[in-house]
Amino acid sequence: MVEFRIDRRTGVATYVQIVQQTKHALRLGLLEPGDKLPTAREVVEATAINPNTVLKAYRELEREGLVEARRGLGTFVTRSLGGGQATADTPLRAELTEWVARAREAGLERDDMAALFTSVLDTMGDDA
5 MVEFRIDRRT GVATYVQIVQ QTKHALRLGL LEPGDKLPTA REVVEATAIN
55 PNTVLKAYRE LEREGLVEAR RGLGTFVTRS LGGGQATADT PLRAELTEWV
105 ARAREAGLER DDMAALFTSV LDTMGDDA
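Okay, so the sequence shown: first residue is 5 according to our numbering, each after it adds one.
Read the hints as simulated data drawn from the structure, not as lab findings. No false leads were slipped in.
Think about it this way: if two alpha-carbon atoms lie no more than 30 Å apart in a straight line, the pair counts; the simulated DSS-like pairs of lysine-lysine are:
hint, residue 1, residue 2
1, Lys60, Lys40
2, Lys27, Lys40
3, Lys27, Lys60
Make the full structure from the sequences, and use the hints.
Below you can see the structure in the form of structure tokens.
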């Protein structure tokens, strides 16, 4: 099951953070079709956010066709976003983990690494 982490300092709306984190989990294969998302109550207890915020995020995911709410049962993943080798146990992930370790040793912080990675993706265009 996915555990949502809310960062109130980012300026990103809380419901958007839930949507983004769910999509990341789908891309990495951490969530697969048939998996159940945490209930709104479970998310509220873990993150201390408003239940309506969770429901708004789940409605957005449902609108995008990624999840389905089943009355009395919960919210379930209906499709994946996995694209090839983006799973959590791929050799590419291991290489990226090593790269992050080297970047940290070189003094880069999370935002620095994200900016560098995004810059490389941008220079490679849509082929990346």
